[in-house]
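Colleague: Line by line, the protein sequences give chains A and B. Under this note's numbering, the residue at position 317 of the first sequence is numbered 1028, and the numbers go up by one with no gaps. Under this note's numbering, the residue at position 149 of the second sequence is numbered 333, and the numbers go up by one with no gaps.
Rather than coming from a laboratory, the hints here were simulated on the basis of the structure. Since no wrong hints were added, every one of them can be taken at face value.
Just a few of them, taken from the derived set where beta-carbon distance is under 8 Å, the chain B residues facing chain A:
id, residue
1, Pro372
2, Ala374
3, Leu375
4, Glu377
5, Ala378
6, Arg380
7, Ile381
8, Asp382
9, Gly383
10, Ala384
11, Ala388
12, Ile393
13, Pro396
Each pair of labels, with its calculated beta carbon distance range:
id, chain 1, residue 1, chain 2, residue 2, range
14, B, Gly385, A, Ala877, 37 to 45 Å
15, B, Val404, A, Ala877, 38 to 46 Å
16, B, Ala276, A, Arg827, 35 to 43 Å
Every residue, glycine too, gets a C-beta built ideally from N, C-alpha and C.
Each chain, letter by letter, is given below.
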Amino acid sequence: MAGVELHRLRKEFGAFVALEGLDLRVEEGEFVALLGPSGCGKTTTLRMLAGLEFPTAGEIRIGGRVVNDLPPARRDVAMVFQSYALYPHMTVAQNIAYPLKKRGVPRAERAAAVARVAELLQLTPLLDRRPRQLSGGQQQRVALGRALVRDPQVFLLDEPLSNLDAKLRAHMRAELIELHHRLGRTMIYVTHDQLEAMTMSDRIAVLSAGRLMQFDTPGAIYDRPANRFVAGFIGTPAMNLIEGRIAAGRFTGQGLDLPLAPGLPEGPAVLGVRPEHVTIGEGAQRGRVRVVEPTGHETIVIAELPGGALVTARAPARARPAIGEVLPLGLDPDGLHLFAADEEGARIDPAR
Amino acid sequence: MAMTRIERRYAWLGLALIGPTVLVFCAVIVFPLVAAIYLSLFRIYTPTLEGAWVGLGNYAELLARGEFWQALRTTLIWTAGTLTLQMLFGIAMALVLHQSLWFRSLARSLVLFPYFVSTVVAVLVWRWLFNDLYGILNHVIMVAGVSDMPLDWLGTMPNAMVSVILVGAWKYFPFVVIAVLARLQTIPEALYEAARIDGAGPVARFFDITLPQLRDVLVVVVMLRAIWDFKEFDLIFLLTGGGPVTATQTLPLVVYKEAFSMNQMGMAAAHAVAMMAVMLVFMIVYIRRTRGGQGA
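Looking at chain B on its own, in the form it has when it is part of the complex:
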């Protein structure tokens, strides 16, 4: 097909316009991804960055190690636990803040506080709260007579996992609140009025109107939060450091350990790529299932 001169010019213009985006995309997404996969095929000593080709050797070793599988299990428990709580607290809080309360605008700002606080600061505060000598949590428990011994919140299992999950839920539920609240405000009031006339009580109105209307936003929020929780590093690293021993050691912590404690950059890259593969599988399944249920 012969192109006219003006068609050719438009074709070039099109390329020129998307060019910058493609370049940036390659620089910040494609290059690091390819580099990570490439690194994972070498045995690399971190301080010198000198390495030898091992092919898929890192992966073979990784899959044979119990540590990877244990960390994967821990990661899944942490993600499922904290994500569930984030969603429950988030939706509940959004519903409360959607009501016309006199302190609503103040409460709407305050609820974002945990999300805005830097993780380092938040974790230091929580470590104080959990502290067995000075911590307010143990103080309350002992004064209330629930226990006569201070609880070791971060040093034993399952306490450490529970604590990490709770702090994670506290830190990230405001994200769910923002997204859900924004959607709640766009649900037409007439739908609720129609449902009231049709005989639906408050519970029926929640399940028959609110929840179906929130569905789309919840699909996106669950997906984003699942990705972010799966690769959460700083909160867990600062709170328990993966301990006691390796009980709360999630995959990102293993990546860090391999890269900077064991000085095995190649092995760290292999873990990171494996993580990505696991996440990819989950996301494909999730997107398929949430799409399937949605008619029209």
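With the rest of the complex left out, here is chain A:
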């Protein structure tokens, strides 16, 4: 078992910089998600960890050992591919046994290991089938089995659930969490789905355009986003981001006028507030109802502020405000986030 360290990891494809100097330290046995929109460099990072791509600069350590120049087979990592990459002409048993076979494990030992993994993943009745005779979820489990059988130091998972339908995805998510709990192995999981990242990981590394935006626990990332990108990317419906300025201890903009905690620098800023911290029907602000979306367990209301900006709010399930109605609107003072108005959009905290 081993942790993984990335030190100033950089990858260029010609003139395109896929990753600019990533620093990341994954502890032993930790489940870390690499989360970000497509093209953010998360898959490139994973492929460099696996040894399928080589870094332009920087260092990769697995279990304290620099593996930059080692071929994939000598890094003691296993990878589950988005497409599963099962060998189509081999049976399930042969697929799972393949990594052992290539490492010269004797036949009897191989059979025992395959039987053990098949038992763990409920694949025993399917061992003689070929991949194309399996459903998506079953193929997914075979791909996991091929990774598990060799008991590697680190598991790399590249969007393993993205080809499954919604119901199966929820089921496999639970299975993966349980599996990680049972094995206690280091797992690095690439996804663009924040729900997967939030529910499964110990810590999440949020990436954007080849740069690390924030690396923290799901709770901290949700509660204290480090910048505007993370604030807008995490959470559904997305956090409301309202442009304005801080002056004399108050935030003003788009018709809002809110008292703030003392000690904030004056000047232009962006106010962030999650939909669950916006109340419709009571409060000191006002908004005109534009859209009402009942989802069953809650109602999403989109209201227009006097300044024209739209604000999303979570209302109780049976709330049915009339469209066009001007209602009072409240912003929970404990749910306010402030970000710099510049390109970076870094979080602004009161000076202590």
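Starting from the known structure of chain A, arrange chain B on it as the hints suggest.
Modeller: Coordinates of chain B only, in the frame set by chain A:
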């Protein structure tokens, strides 16, 4: 069962739609086949096309002749030899051209050259290369000191058979390249990446992934090339004319000889039908065996 009016109309429409295809099929496949079998039952003098019914007489004579059996043996040696080389060169070249080389697109076009060149032109060029007085092959051999005498490439055995097989391999391996290369490009890269992580080296990746993935296309390519090589005429006829004496005389050359040198059209037809029967047996065995190994 009574048909409704609309069902009857659809039945007629169906017949009308497949009708043209059936007619063309009969005209170009069934008629020549039946005609050949019919001709083979007569003794026919080619220039006048007048003949007498001999029943299975042509076949009896054919089977009793040593020439048929020798030609069959020659045909099998030629087919097996040239087909093996075509497959080996073809697969190897396809693998090379699948790599990202800087001259790849140029090389991919150039490799098709032998396949596009007309057989007559190709054979004339090869005859020059093989020529014992002016040929570059003998020149190189003598300059390199391998031999102090020019080799007779086409006039002695086994040289003539070797030469014919080599030229055949050169001429037709691009077909294998095209088919294999097309299949190689559709093998998902992730399979190779998974195999690398699983610990497979380049050789293991070829045997565990590439070859099984090529299997289906190779079955088809071997079958097509075997049929085409078995009935190859112009390349051998132009290169050696079946010689020295009859050492490279394959069955198609015997058919030609019977029809136009011996003026025995019936006998030629009997040889052609016998050829077809031999090929049919091989193909049935081959298809059975390649199908049997394929699970699911």
